[in-house]
Amino acid sequence: MSQVQTAHALELRDLRKSFGKTEIIRGANLAVRAGERVAIIGPNGAGKSTLFNLISGRFAPTSGQVLLEGSRIDGRKPFEINRMGLSRSFQITNIFPKLSVFENLRCGVLWSLGYRYTFLKFLANLDDANERAEALMQMIKLDRKRDVLAMNLTYAEQRALEIGITIGGGARVILLDEPTAGMSRSETQRFISLIKEVTVGRTLLTVEHDMGVVFGLADKIAVVVYGEVIAFDTPDAVRANQRVQEAYLGSSVADSQAGGH
Amino acid sequence: MSTQYYKFAPHNVGRWVIWSLYALILAVAPLLFKSSLALTMLSQAGYLIIICLSYNMLLGQGGMLSFGHAVYTGLGAFVAIHTLNLIGQGALPLPVSLLPIVGGVAGMFFAALMGYVTTKKSGTTFAMITLGVGELVASMALMFPGFFGGEGGITTNRVAGQPFLGITFGPQIQVYYLIAVYCFLCTAAMYAFTRTPLGRMLNAVRDNPERVEFIGYDTQRVRYLAFIIAGFFAGIGGGLVAINFEIVTAVDSVSSVRSGGYLLFTFLGGATFFFGPIIGALLLVFASVMLSELTIAWLLYLGLVFLFMVMYAPGGIASLIMMNLRIAQFGLLRKLWVSYLALAATALTTLVGAAAMIEMIYHLQLNAALGPQLQFMGVTLDAKGFDSWFGAGFLFLTGLALFEITRRQFLREWGGIQEDIEKELKRREAL
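As they're listed, the protein sequences go chains U and L. Here the first sequence stands for residues 8 to 268, where the numbers follow our numbering. Here the second sequence stands for residues 211 to 641, where the numbers follow our numbering.
Just to be clear, a hint being listed does not mean it is correct.
Taking CB as the label site, the calculated pair distances span [what the hints assert, rightly or not]:
(1) A233/L / K128/U: 21 to 27 Å
(2) R618/L / R197/U: 40 to 46 Å
(3) D135/U / L501/L: 50 to 56 Å
(4) A237/L / D135/U: 36 to 42 Å
(5) V223/L / R153/U: 16 to 22 Å
(6) A398/L / L156/U: 22 to 28 Å
(7) M532/L / G208/U: 40 to 46 Å
(8) F26/U / I235/L: 57 to 63 Å
(9) I631/L / R153/U: 18 to 24 Å
Simulated pairs of lysine-lysine, DSS-like, Cα-Cα distance not exceeding 30 Å [stated by the list, open to error]:
(10) K633/L / K148/U
(11) K331/L / K105/U
(12) K84/U / K105/U
(13) K84/U / K331/L
(14) K636/L / K105/U
(15) K203/U / K105/U
(16) K128/U / K331/L
(17) K152/U / K636/L
(18) K105/U / K633/L
(19) K152/U / K203/U
(20) K148/U / K128/U
(21) K105/U / K152/U
(22) K227/U / K203/U
(23) K84/U / K203/U
(24) K545/L / K636/L
(25) K148/U / K105/U
(26) K227/U / K84/U
(27) K636/L / K148/U
(28) K633/L / K152/U
(29) K84/U / K28/U
(30) K28/U / K331/L
(31) K330/L / K84/U
(32) K105/U / K330/L
(33) K128/U / K105/U
(34) K545/L / K633/L
(35) K148/U / K227/U
(36) K128/U / K330/L
(37) K128/U / K152/U
(38) K148/U / K203/U
(39) K84/U / K128/U
Simulated from the structure, these hints should not be mistaken for laboratory data. Here a beta-carbon is modelled for each residue, glycine too, at the ideal position from N, C-alpha and C.
Build out the structure end to end from the sequences listed, making use of the hints.
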């Protein structure tokens, strides 16, 4: 067997995870090329979030492999995986509530700029970290809330901050777990264009329920049903896929097509 | 192109003023309060500030509730006092003024040793392990009498080695200034720490350890490093204790009671602001020196204060100050002073009533042989008489009822003022 010619940005090989006797992920396979935007869809309880948790190191897989740009990351700690270039956001907002917007973002960039655990440098003098945090703040349009504590932001602003922290470290592979959950239609629209904007040139995987969002954002769709990836293709091909229609999509595709696609 | 973010922001001027003022207060305090009691208290306040600030690195900045901080001050003090004895024997050419550093290094060493275990976990588990380590060290005091000196502890003479510029550290005033210098330097260093990457990540670990793992940081490492640094400053405090008292005993210095005291007063002072523990340290001195002179029931009063603080002002005194400063910034404080006066008067009435009853009970239990009469605030009370009890009870209950009425009134006003401030902020933002 020869080495893979060009490594995929992210690859899952027969990934499995059991909790007790229940197998949640049952041999998932997926190969994402660099720069692709992938939406992961599937019915509730299909294992989408578990998949993200396995990739990002929150849980260790029971068996199988996860490869990030060709190197094994399964079983590694979350911070190790992050340092190797993969970053994620969370379904439930996961920020630093008692720190300001600016501080939240600055925390997100420190490691990647090589400041590690230093206590011999003042934050105020770290020009690169401060510039990057300011730039991020403008990118996610929170520059007017610079010194507001994260816990005092609106829900949509907190979601934006979450994305800002996630992309801040310059990771090449980004996982977003239901980034638009709980947002209104108009907020979702704006947020999707924001996500597109800030993830240019990166590989993006996102879990999403809103089919409108999925077809608007993704180059490719991975359908997860019962802990397996049953289809992974372009949106049109997935829509036409017999197995997907049987297993899951069906009516919701028809709906979203009727709804002006 | 390098833009400079708040490096030259105007509030830096305010910072210079505050730090100069802090240094000035430390320098002139013994000139203003000249009694030997005052000097004793000031000396204690100096090292307690260092210890409480170092404790707050864990509690306020790292969210680590440690029940064993006295282990590191205490072990620092023991190593320092043994070193001082070596200096006294002429076995070690070290100036006494550097002794606190020895204590600090010892504190750091033991924090590195034991923190490796304790900081593996956070939250409740961390708290339990620190409690265990505290008990472990306290029990070791009995196992190693050579190091801990048994019940009598280790004594020393701080006038040791060569005097430098005529400074022998014999007179207490010289010791005070040594403590003051360390107090200032340590406060500055610990404040500086809060402005560094590690200091900020420590806050992030406090707020949301899980998220920290996903931005590249090992939360255990962050906690561990902070724990070691806190141990260093705790040890410096311990070294100063050794010089100040010339005796260190295990019962007094590494016990869980001592650890509890640091926790309690850091909390009372306010863990959410950097300067809170400084207030806490001052309160600790007042409580242990003045209050304990005033009444034998002082621990009971302390417990009550702590109880009310946790219930009504969990941010401690520092947060009370900061909340009122905020109101003052908007020029709204004058609306509240009548309420504050009423609150103070009714609270005082309640307190006097309650204190009279507490003192009578204590008198009956502990001083029954002296007869039922006792002096309380210039009044003779009869602990077995109906009148005294009725009077005290009456004061307590009326005070309490009036206090509750004024408190509700105050809360309404407070809410109104907060709304006004929010409106004002919105208005400014819209400009």
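Against the structure, the hints:
Separated by about 25 Å at the C-beta atoms, A233/L and K128/U satisfy the suggested range of 21 to 27 Å. A hinted range of 40 to 46 Å for the beta carbons of R618/L and R197/U is consistent with their spacing of about 44 Å. Between D135/U and L501/L the beta carbon distance is about 52 Å. The supplied range of 50 to 56 Å therefore holds. A hinted range of 36 to 42 Å for the beta carbons of A237/L and D135/U is consistent with their spacing of about 40 Å.
Range check, V223/L to R153/U: about 21 Å between beta-carbon atoms, so the 16 to 22 Å window is met. Take A398/L and L156/U: their Cβ atoms lie about 26 Å apart, and the range 22 to 28 Å holds. Look at M532/L against G208/U: about 44 Å separates their beta carbons, and that is inside 40 to 46 Å. Taking the beta carbon of each, F26/U and I235/L are about 59 Å apart, inside 57 to 63 Å as hinted.
Separated by about 19 Å at the C-beta atoms, I631/L and R153/U satisfy the suggested range of 18 to 24 Å. The hinted pair formed by K633/L and K148/U meets the criterion: a straight-line CA distance of about 23 Å does not exceed 30 Å. Among the hinted pairs, K331/L with K105/U is consistent with the structure: their alpha-carbon atoms are about 21 Å apart, no more than 30 Å. With a C-alpha separation of about 26 Å, the suggested pair K84/U and K105/U falls inside the 30 Å cut-off, and the hint holds.
Between the alpha carbons of K84/U and K331/L the distance comes to roughly 16 Å, so the proposed pair stays at or under 30 Å and holds. For the proposed pair K636/L and K105/U, the alpha carbon gap of about 21 Å is at most 30 Å, so the pair holds. Annotation: proposed proximity of K203/U to K105/U holds, straight-line Cα distance about 29 Å (limit 30 Å). Our distance criterion of 30 Å between C-alpha atoms is met by K128/U and K331/L, whose separation comes to about 27 Å.
Our distance criterion of 30 Å between C-alpha atoms is met by K152/U and K636/L, whose separation comes to about 12 Å. Between the alpha carbons of K105/U and K633/L the distance comes to roughly 22 Å, so the proposed pair stays at or under 30 Å and holds. Annotation: proposed proximity of K152/U to K203/U holds, straight-line Cα distance about 22 Å (limit 30 Å). Among the hinted pairs, K148/U with K128/U is consistent with the structure: their alpha-carbon atoms are about 29 Å apart, no more than 30 Å.
Under the criterion of a C-alpha separation no larger than 30 Å, the hint pairing K105/U with K152/U is consistent with the structure, at around 14 Å. This hinted pair checks out: K227/U and K203/U have alpha carbons roughly 14 Å apart, not beyond 30 Å. Of the supplied pair hints, the one linking K84/U and K203/U holds, its CA atoms being roughly 28 Å apart against a limit of 30 Å. About 21 Å separates the Cα atoms of K545/L and K636/L, which keeps this hinted pair within 30 Å; it holds.
Under the criterion of a C-alpha separation no larger than 30 Å, the hint pairing K148/U with K105/U is consistent with the structure, at around 20 Å. In summary, the hint linking K227/U to K84/U is supported, as the alpha carbons are separated by about 28 Å, within the 30 Å threshold. Between K636/L and K148/U, the direct Cα distance comes to roughly 19 Å. Compliance with the 30 Å bound is thereby established for this hinted pair. Distance restraint check for K633/L and K152/U: the Cα-Cα separation of roughly 17 Å lies within the 30 Å cut-off, and the hinted pair is therefore satisfied.
Only pairs whose Cα atoms come within 30 Å are accepted, and K84/U paired with K28/U is accepted, the gap being roughly 24 Å. Only pairs whose Cα atoms come within 30 Å are accepted, and K28/U paired with K331/L is accepted, the gap being roughly 28 Å. Taking the CA atoms of K330/L and K84/U, the gap is about 15 Å. The hint holds against a cut of 30 Å. Between K105/U and K330/L, the direct Cα distance comes to roughly 23 Å. Compliance with the 30 Å bound is thereby established for this hinted pair.
With a CA separation close to 22 Å, the supplied pair K128/U and K105/U stays within the 30 Å bound. With a C-alpha separation of about 17 Å, the suggested pairing of K545/L with K633/L holds against the 30 Å cut-off. Between the alpha carbons of K148/U and K227/U the distance comes to roughly 28 Å, so the proposed pair stays at or under 30 Å and holds. Proximity of K128/U to K330/L is assessed by CA-CA distance (about 26 Å); at most 30 Å being required, the pair is judged to hold.
With a CA separation close to 26 Å, the supplied pair K128/U and K152/U stays within the 30 Å bound. Restraint check for K148/U and K203/U: satisfied, since their Cα atoms lie roughly 14 Å apart, inside the 30 Å limit. Restraint check for K84/U and K128/U: the C-alpha separation of about 27 Å stays at or below 30 Å, so the hint holds.
Violated hints: none; the structure is consistent with every hint.
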